[in-house]
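K.L.:
Sequence:
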Amino acid sequence: MIFVSEPIKKIFHQLHSVLDLQSCKEEIVYNGVDLDKFKFSIHNPGYNLAVLAHINYKKNPAAWIQIISKLKEIDNKYKLHIGGDFQDPRYKVYFEHIKKEMKMEDNFILHGWINEVEKFLEDKNYIISTSIHEGHPYNILESMARGIKPVILNYSGSKEQWPNELIYNTIDEAVEKVTEETYDSESYRRFIEDNYTLEQQIYEIEEIISYPKKDLSINYLKKNVNDLKISYVMPVYNGEKFIEKSLSSILKQKIEPYEIIVIDDASTDNSYKILSKYQKRFQNIKLFRNNTNLGGLQTTKELLKKANGDFVKVVHQDDGLYESYAVEISRINDVYKYSFIVNDFTYITDENIVSNYLKKIWNNFELDPNKLNKEDLLKFLVIKGNYVGTDSNVLFNKENLMKIDYLNDKDEFLSQKGLYGYDYYIYLKLVNISKPKFVFKDLSFRYEHSNNVTSKHIGSFRRIIGLHKILLNYEHLLNEKERKIAYFNYFGRAIYSVKICKNPEEKTKMISYILKNCSKYLSKEQENELIKLL
Numbered sequence: 338m339i340f341v342s343e344p345i346k347k348i349f350h351q352l353h354s355v356l357d358l359q360s361c362k363e364e365i366v367y368n369g370v371d372l373d374k375f376k377f378s379i380h381n382p383g384y385n386l387a388v389l390a391h392i393n394y395k396k397n398p399a400a401w402i403q404i405i406s407k408l409k410e411i412d413n414k415y416k417l418h419i420g421g422d423f424q425d426p427r428y429k430v431y432f433e434h435i436k437k438e439m440k441m442e443d444n445f446i447l448h449g450w451i452n453e454v455e456k457f458l459e460d461k462n463y464i465i466s467t468s469i470h471e472g473h474p475y476n477i478l479e480s481m482a483r484g485i486k487p488v489i490l491n492y493s494g495s496k497e498q499w500p501n502e503l504i505y506n507t508i509d510e511a512v513e514k515v516t517e518e519t520y521d522s523e524s525y526r527r528f529i530e531d532n533y534t535l536e537q538q539i540y541e542i543e544e545i546i547s548y549p550k551k552d553l554s555i556n557y558l559k560k561n562v563n564d565l566k567i568s569y570v571m572p573v574y575n576g577e578k579f580i581e582k583s584l585s586s587i588l589k590q591k592i593e594p595y596e597i598i599v600i601d602d603a604s605t606d607n608s609y610k611i612l613s614k615y616q617k618r619f620q621n622i623k624l625f626r627n628n629t630n631l632g633g634l635q636t637t638k639e640l641l642k643k644a645n646g647d648f649v650k651v652v653h654q655d656d657g658l659y660e661s662y663a664v665e666i667s668r669i670n671d672v673y674k675y676s677f678i679v680n681d682f683t684y685i686t687d688e689n690i691v692s693n694y695l696k697k698i699w700n701n702f703e704l705d706p707n708k709l710n711k712e713d714l715l716k717f718l719v720i721k722g723n724y725v726g727t728d729s730n731v732l733f734n735k736e737n738l739m740k741i742d743y744l745n746d747k748d749e750f751l752s753q754k755g756l757y758g759y760d761y762y763i764y765l766k767l768v769n770i771s772k773p774k775f776v777f778k779d780l781s782f783r784y785e786h787s788n789n790v791t792s793k794h795i796g797s798f799r800r801i802i803g804l805h806k807i808l809l810n811y812e813h814l815l816n817e818k819e820r821k822i823a824y825f826n827y828f829g830r831a832i833y834s835v836k837i838c839k840n841p842e843e844k845t846k847m848i849s850y851i852l853k854n855c856s857k858y859l860s861k862e863q864e865n866e867l868i869k870l871l
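Here my numbering is used: the first residue of the sequence shown is 338, the next is one more, and so on.
None of these hints come from the bench; they were simulated from the model. Quick caveat: nothing in here was measured; it's all calculated off a predicted structure. Misleading hints may appear alongside valid ones.
Stated by the list, open to error - Restricting the straight-line Cα-Cα distance to at most 25 Å, the calculated cross-link-like pairs of lysine-lysine (BS3-like) are: (1) Lys578 to Lys617; (2) Lys778 to Lys591; (3) Lys774 to Lys721.
Unchecked claim - Pair by pair, the computed Cβ-Cβ distance ranges are: (4) Ile469 to Ile365: 16 to 22 Å; (5) Pro382 to Pro426: 53 to 59 Å; (6) Ile345 to Lys582: 48 to 54 Å.
Every residue gets a Cβ at the ideal spot worked out from N, C-alpha and C, and that includes glycine.
Construct the complete structure from the given sequences, taking the supplied hints into account.
P.N.:
Below is the structure:
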């Protein structure tokens, strides 16, 4: 059963409480506008107001007279154009009477039923809604699609459907909405494009029809007072191919997620439509959208600011969690004492799948990171490099992130945009606080492909300079022998980046930087190799 809004669904159940609908799946699908029919044009503040409605008690018609009366007192040029049929003829009698009594024949104009709504709206500056109850009104949708400012009475559900700055409670507030300077025609159209298109409505209905084939079948374990408050956060940009799998992997956790927060970073594909579908279906999903593309790092910071949990789990749009993730994390003793939790993961590329990826690496070192003290682990990671992984296989203690100034610009490295290695740098700072816990079980999967962030920046100048700056920040912890090993490992990564770089100018820039800034520890063999690559 499909409802047009949550209030309509509630009223249905109140009126039909005796019906047994337990076997019936219920969905909310908002109305959509045909944007090809309702063309956008710039509208501005003015004197022409409009109402489009079947005229009955639900529309609260007496308020129209009160609003136009107050506006007429301000300026006689204000006119209210009423388009609609009288479902209750008594309102027609009243209107004909009152507009004469109040001398408003030129200000309160009855047009009757409007067949060509788009033409009727051409010269209108505002659409007025005084309804005490609505589902998801087309008069507001179609007007905003044309770029017209709506002034909307605060009916039940209105604040979930419309920008709250367009909603009023009293007649005086409605008049203020009309007379204020604030008017952004393009934003009204954009709001409809982002949320309520006909294409999106059809897409959601088709998804619901096929949904039984994709049912998540979620059966959460009974909540426990000791359950960790984990905020699952997901930055998304043009991830329509992956986000359903990633988001479903969070929803399928055996322990119900405390909260799921998603920010769409101004995607240009169908990502936001897909995310909106999930948000309407699952109450613990909070969805936001950036007006402009801020980039992955800044979007992740915004997500962490919104997170209310004690722990934060970043899930990238092309990664995901296995169903046992939350249960395994909940089994860790004294979990709050660790600076962060690292889990093993399945590493997936287009050519290969490697399970227990981290364990294989640490076995090659013949080391168990859990047995190293804090100082030795920190040194190891500085010398050898990032053998923790990415934030997609790390659970952060939010309090510790605050301690390292992750969300402000006090840290010079974290405040610089465009560098490579932020996650690696954060791990090193967190290890300084306390040891992390490594869980060598595959609890997540990471898909590396040509379009994800890691792949894009391996052969870039930003990787060369980012890794070097991190080494400069921590080389004071090392003796001379350890520094030589650390730089040897850095050069190995740097030379690899140079080799795979496809931009000749950037490649020259990379080599010049290494030769200029790292010559002290550069072996003759490495130096010759770099010169050959010039």
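K.L.:
All hints are to be evaluated individually against the structure, with a verdict given for each.
P.N.:
Hint by hint, here is what the structure shows:
1. As the CA atoms of Lys578 and Lys617 are separated by approximately 20 Å, the hinted pair is consistent with the 25 Å bound.
2. As the CA atoms of Lys778 and Lys591 are separated by approximately 16 Å, the hinted pair is consistent with the 25 Å bound.
3. The suggested pairing of Lys774 with Lys721 holds, with an alpha-carbon distance near 19 Å, which does not exceed 25 Å.
4. Ile469 and Ile365 have their C-beta atoms about 21 Å apart, which keeps the hinted 16 to 22 Å range intact.
5. For Pro382 and Pro426, the Cβ-Cβ distance of about 35 Å falls outside the hinted range of 53 to 59 Å, so the restraint is violated.
6. Under the hint 48 to 54 Å, the C-beta atoms of Ile345 and Lys582, about 32 Å apart, miss the expected range.
Against the hints set out earlier in the document, violations occur for numbers 5 and 6.
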